[in-house]
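Undergrad: As a plain string of letters, each chain reads:
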Amino acid sequence: MIRALALLLGLAAAPLAAEEIVLGLSQDEVAITATFDGDDILVFGAVKRSAPDPGGLDVVIAVSGPLLPATVREAERRFGIWINTASAAIDAAPSYYAVATSAPLAEILSETEDLRQSITLPRVIRSVGTGVDSPADFTDALIRIRAGEGLYSLTEGAVDFEQDTLFRTGFALPANLIEGNYTIRIFLLRGGSVVDRYDTVLAVQKVGLERWLYNLSQELPAAYGVLSLALAIAAGWLASAAFARTRR
Amino acid sequence: MQIYLPIAEISADALLLLGIGGIVGILSGMFGVGGGFLITPLLFIAGIPPAVAVATSANQIVASSFSAVLAHIRRRTVDFRMGSVLLIGGLVGSALGVMLFNLLLSLGQVDLLVKLCYVVFLGTVGALMFVESVRALRRSRRPGARPVRKRHTWIQSLPLKIKFRVSGLYISVIPPLLVGVSVGVLAAIMGVGGGFIMVPAMIYLLGMPTKVVIGTSLFQIIFVTAFTTMLHAVTNQTVDIVLALILIVGGVVGAQIGARLGARLGAEQLRILLALLVLAVCAQLALSLLLRPAELYSIASGFGA
Numbered sequence: 022m023i024r025a026l027a028l029l030l031g032l033a034a035a036p037l038a039a040e041e042i043v044l045g046l047s048q049d050e051v052a053i054t055a056t057f058d059g060d061d062i063l064v065f066g067a068v069k070r071s072a073p074d075p076g077g078l079d080v081v082i083a084v085s086g087p088l089l090p091a092t093v094r095e096a097e098r099r100f101g102i103w104i105n106t107a108s109a110a111i112d113a114a115p116s117y118y119a120v121a122t123s124a125p126l127a128e129i130l131s132e133t134e135d136l137r138q139s140i141t142l143p144r145v146i147r148s149v150g151t152g153v154d155s156p157a158d159f160t161d162a163l164i165r166i167r168a169g170e171g172l173y174s175l176t177e178g179a180v181d182f183e184q185d186t187l188f189r190t191g192f193a194l195p196a197n198l199i200e201g202n203y204t205i206r207i208f209l210l211r212g213g214s215v216v217d218r219y220d221t222v223l224a225v226q227k228v229g230l231e232r233w234l235y236n237l238s239q240e241l242p243a244a245y246g247v248l249s250l251a252l253a254i255a256a257g258w259l260a261s262a263a264f265a266r267t268r269r
Numbered sequence: 048m049q050i051y052l053p054i055a056e057i058s059a060d061a062l063l064l065l066g067i068g069g070i071v072g073i074l075s076g077m078f079g080v081g082g083g084f085l086i087t088p089l090l091f092i093a094g095i096p097p098a099v100a101v102a103t104s105a106n107q108i109v110a111s112s113f114s115a116v117l118a119h120i121r122r123r124t125v126d127f128r129m130g131s132v133l134l135i136g137g138l139v140g141s142a143l144g145v146m147l148f149n150l151l152l153s154l155g156q157v158d159l160l161v162k163l164c165y166v167v168f169l170g171t172v173g174a175l176m177f178v179e180s181v182r183a184l185r186r187s188r189r190p191g192a193r194p195v196r197k198r199h200t201w202i203q204s205l206p207l208k209i210k211f212r213v214s215g216l217y218i219s220v221i222p223p224l225l226v227g228v229s230v231g232v233l234a235a236i237m238g239v240g241g242g243f244i245m246v247p248a249m250i251y252l253l254g255m256p257t258k259v260v261i262g263t264s265l266f267q268i269i270f271v272t273a274f275t276t277m278l279h280a281v282t283n284q285t286v287d288i289v290l291a292l293i294l295i296v297g298g299v300v301g302a303q304i305g306a307r308l309g310a311r312l313g314a315e316q317l318r319i320l321l322a323l324l325v326l327a328v329c330a331q332l333a334l335s336l337l338l339r340p341a342e343l344y345s346i347a348s349g350f351g352a
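Residue numbers (our numbering), protein chains in the order written: chain A, 22 to 269; chain B, 48 to 352.
Worth double-checking, as some hints may not be accurate.
To be verified - With a Cα cut of at most 20 Å, we get these calculated SDA-like pairs of lysine to any residue:
hint	chain 1	residue 1	chain 2	residue 2
1	B	Lys162	A	Arg165
2	B	Lys162	A	Ala107
3	B	Lys162	A	Ile104
Derived from the structure by calculation, the hints contain no laboratory data.
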C-alpha cells in the first residue's frame with residue numbers, strides 16, 4: 022500500500038558539498054490500525070550537483086527502528102537436558118534494520134567509513150560489557166534470529182540508481198513493528214567513502230482503538246484488568262445464554 | 048485475516064487464533080480443565096510473545112470457564128460448598144506461588160523450572176489417571192465385579208467435618224483446603240488454572256463423584272484465573288485484550304460444545320482421553336528439554352534476570 026502523498030524534504034542547500042541528496046518519501050508516518058499487516062515505504066530522490074558528474078557514485082539507504090536493550094541467552098546441555106547457561110546483555114539493538122544498496126556493499130563501502138557512519142548491523146548494535154567471553158557469538162546470534170524473523174535485512178542492488186542521479190527503492194515493513202521513530206539514512210558513496218548523507222525520520226505509531234487500549238493498559242492497569250475480566254464474563258454469559266436458547 | 052494485537056505488538060492471523068480458542072474451549076467444557084496448559088504452548092507456536100501468551104490465556108480461561116460452569120449449574124453438577132473451600136485454599140496458594148515465582152525469577156532459570164514442573168506434574172498425573180481409568184474400565188466389563196470407590200483412609204478420621212451434600216460426602220475441610228493451596232501454588236508457578244491437577248485430586252484424594260468434579264473445578268478456576276489476570280495486568284501490563292477477545296469468542300463456543308460432548312461420553316472414557324492428552328503435552332515438553340534445540344540462542348527484550 023503505497024500512498025501517493027509525497028513529501029519533498031531537504032531543499033536547504035549545504036554550500037560546501039559538490040553533490041547533495043534531495044529526498045522524497047512515499048509517506049512520513051506509518052499508522053498501526055487493527056488491520057495493520059505491514060506496510061511498504063518508497064524512498065526516492067535525486068543527486069543535486071553544482072559541478073559536472075565525475076561518475077562512480079553509489080547509494081546506500083539504511084532504515085532503523087528504535088534502539089532497545091536485549092538479552093541473548095545460550096543453551097547448553099547439562100545433566101542431559103538443555104539449559105540456558107550464559108547470557109549476554111546487549112545495550113542497544115535496533116528493533117528493525119534494513120539496508121538497501123545500489124551495488125554489493127563490500128565493493129562500495131570501506132571498513133573505516135562503516136565504522137565512522139555505523140552502517141552495517143555489527144556496527145549499529147552496541148554491546149559494551151556483555152559479561153561473556155565471546156560477545157561476537159551473541160551478537161551474531163541476535164542478527165541471525167532477527168534476520169530469520171524478517172526484522173533485519175540487507176538487499177544489495179535493491180536501489181535503482183539511474184544515470185548517477187535518480188535513485189529509488191522500497192522497504193517492506195513487517196507486521197510485527199514496534200512503535201517509535203524510525204530513522205532513514207541515505208548515503209552517497211564514492212571510492213568507499215561517504216560524499217553526502219541525508220537523515221530523515223519516519224514516525225510509526227498506533228492509532229484509534231489500538232492506541233486507546235495500549236494507553237489504558239499502561240496508565241490505568243487496574244481499570245484495564247477489570248475491563249478485560251468484565252469482557253470475559255460478559256462473553257461467557259452471552260455464549261451460554263445463546264446456547265441455552267438454541268437447545269430449548 | 049490478519050489483525051494487529053496492541054499489547055503483543057504483532058499482527059497475527061485472526062482465524063488461527065479463533066481456532067486455538069475453539070479447540071481449547073471444547074477441551075475445557077469436556078474435562079473441566081481450564082486449558083491453560085494447552086493454550087499457552089499453542090500461542091507460543093502462533094508467535095505470540097511468552098509473557099503476553101501466559102497473561103492473556105488466564106483472561107481467556109475466565110471466559111471459557113464461566114461459560115462452561117453455567118452449563119454445569121443448569122445440570123446441577125456444581126458443589127458450591129466444596130468449590131468455596133477449594134477457592135479459599137486456592138487464593139492463599141496462588142499468593143504464596145507468586146511470591147515463590149518472584150524468588151525464582153531473581154535466581155534466574157524460571158523458564159526451565161516451569162518446564163520441569165510441567166513435565167513432572169503432567170507426567171505423574173497423566174500416568175496415574177491412565178492406569179486407574181484403564182483398570183476401572185476393565186473391572187466394569189467383568190461381570191460380577193463392582194468398582195470400589197468409597198475407601199476409608201486417614202482422610203475420614205480428620206476433625207472439622209462438613210457435609211458436602213452435592214458430592215455426597217461428609218469429610219473434614221482440611222483435605223480440600225490443602226488441595227486448594229497446593230493447586231494454587233502450582234497454578235501461579237505454571238501460569239495455568241490448575242484444573243488438570245485438581246480434577247484428579249478431587250476424584251482420587253477427596254473421593255468426589257466424577258460428575259460433580261468438573262463443574263466444581265470450573266467454578267474454582269474462574270476465580271483463580273481472574274485473580275491471575277488482574278495480577279498480570281497491574282504488574283506487567285501483558286494482558287492483550289484484543290487477543291483475549293478473539294480467543295474468548297472461539298473458546299466460549301467450544302466450551303458449550305465440549306460440555307455437551309462430555310455429558311454424552313462415559314466417565315471412564317472421559318478420564319482416559321484426558322490422561323492421554325495430558326501425557327501428550329508432557330511428552331512434547333520433555334522432548335523440548337532433551338533434544339538439541341535448532342537455535343541454541345534466544346532473545347529476550349530488555350535486561351532480563
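Undergrad: Could you work out which earlier hints the structure fails to respect and list their numbers in ascending sequence?
TA: 1
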